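2 protein chains.
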Amino acid sequence: MSRLDDYMKFEAVNETGNTLVMDASPNIGGKGEGVRPMETLLMGVAGCSSIDVVMILKKMRQDLSDIKVQVDGYKEKNGEATKYSRIHVHFKIWGEVKEKKLQEAIQMSLEKYCSVSKILEASADITSSYELNP
Amino acid sequence: MSRLDDYMKFEAVNETGNTLVMDASPNIGGKGEGVRPMETLLMGVAGCSSIDVVMILKKMRQDLSDIKVQVDGYKEKNGEATKYSRIHVHFKIWGEVKEKKLQEAIQMSLEKYCSVSKILEASADITSSYELNP
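Going down the list, the sequences are from chains A and B.
Just so you know, we're using the numbering used here here: the first sequence kicks off at 1 and counts up by one.
Just so you know, we're using the numbering used here here: the second sequence kicks off at 1 and counts up by one.
Excised from the complex, chain A in its bound form (with noise of 0.2 Å):
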């Protein structure tokens, strides 16, 4: 990762080249011109459970149009830190999908494939909730 400015906004970069511009918040100095990086666990809770979801409806065969999930986190202090105390995961979805089916899928990413949460759920609640073809 590289600094992009004289402060705090970076550049980070994985190894294929995909890369995230990062910044502090405003109140300690940042410019809020990138993610914040506590964001960055969010993000990675939506992108994984996401996949998830996607790989699980196609195996059971479901016809999803449209996908759209926000996540939203509950911070709590933690000494000098901040931490999560509940991360919440909220799915919306379109398609020819029956719900228990989405039901399964939701729940299978959440307590068994989704590496993100099953990670952050080591010091965060995690819950969920959606809403199909709203």
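Just so you know, nobody snuck in bad clues.
Simulated restraints, written as ranges between beta carbons of each label pair:
#1 B:Lys98 with A:Ser65: 56 to 62 Å
#2 B:Pro134 with A:Gly95: 51 to 57 Å
#3 A:Ser129 with B:Leu132: 47 to 53 Å
#4 B:Ser85 with A:Arg61: 35 to 41 Å
Source of the hints: derived by calculation from the structure; they are not laboratory data.
None of the values given here were measured: they were computed from a predicted structure.
For each residue, glycine too, the CB sits at the ideal point set by N, CA and C.
Since the structure of chain A is already known, use the hints to place chain B on it.
Chain B in isolation, oriented as in the chain A frame:
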């Protein structure tokens, strides 16, 4: 978070409009055209600890001219999921910085201030190293 293709490529957006493109790895059917969700955790550690080190060295009146950080995660199986058993953070620092101050800054970040590493240390050992004016 919204889907960008008809399979597993997604764009996450935070409350201030900053974005991250994520994709599944090719071995599970993605195209590798974005950051993998598990990598977001390592990027979060990189961003969080870099922001801390910049801020702490500034408070210590050390003249940092540049910083690069490499974060490596060592995976192990965790049931059907994967976790990082160890995360290593390597700092490269340039500038008129006293080595003792740099050591203190890194230690303060990883042991006390960096929320992302404090969260991840619940399931991974977090280790660090540095080079000063390499």
